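Novice: One point on numbering: in numbering that gives the first Met the number 0, the residue at position 97 of the first sequence is 96, and numbering is uninterrupted.
The set of hints was computed from the structure by calculation and includes no laboratory data.
Values in this document were obtained by computation on a predicted structure and should not be read as measured data.
A virtual CB, placed ideally from N, CA and C, is assigned to each residue, including glycine.
Treat the hints loosely; a few may be bogus.
[Claimed, not checked] FRET-style restraints, in silico, Cβ to Cβ: (1) Ser63 / Glu2: 32 to 38 Å; (2) Gly25 / Leu68: 19 to 25 Å; (3) Gly62 / Leu100: 24 to 30 Å.
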Amino acid sequence: MLESGRAEQIISRVRAVPAGFVSTYGDLCPGAPRAAGRALAECEDPSLPWQRIVRADGSLAKGSRQRRLLIAEGVPFRGRRVEMDVARVPAEALDQLASDLEHADPARGTR
DNA sequence: CGGGTGACGAATA
DNA sequence: ATATTCGCCACCC
0 MLESGRAEQI ISRVRAVPAG FVSTYGDLCP GAPRAAGRAL AECEDPSLPW QRIVRADGSL
60 AKGSRQRRLL IAEGVPFRGR RVEMDVARVP AEALDQLASD LEHADPARGT R
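Take these sequences, add in the hints, and give me the full structure.
Specialist: Structure, rendered in structure tokens:
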């Protein structure tokens, strides 16, 4: 069950982005950022934090709706764009976090 | 095979 | 700073 399909891989990375941070289409799928956008557009899973995926320059694909959700999570903005220098999670970090999710132990680390 | 499309990215004007 | 153009690649017919 690793479902390591192209889309599945992208989706798993989206889930790896922590609240209050963002990542880019290019980081989700280097070399084919549009495939990432495609995956998000097709995926209807409401538990998917799609709003945390923004363009490389910090602009939003989904406009005000997306902006509102991100601000609610505490993502720093500069005008209409996300402050990428502060909130961006690089591709490598995403893989790291994705691995961490598999180890998700809510009871371990609580002391 | 090709041709068109897109929740993109980078370069250019 | 914004608008346009081009390049890229995955997916569909």
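Novice: Hint by hint, note whether the structure agrees.
Specialist: Results of checking the hints against the structure:
| no. | hint | verdict |
| --- | --- | --- |
| 1 | Ser63 / Glu2: 32 to 38 Å | holds, 33 Å |
| 2 | Gly25 / Leu68: 19 to 25 Å | holds, 21 Å |
| 3 | Gly62 / Leu100: 24 to 30 Å | holds, 29 Å |
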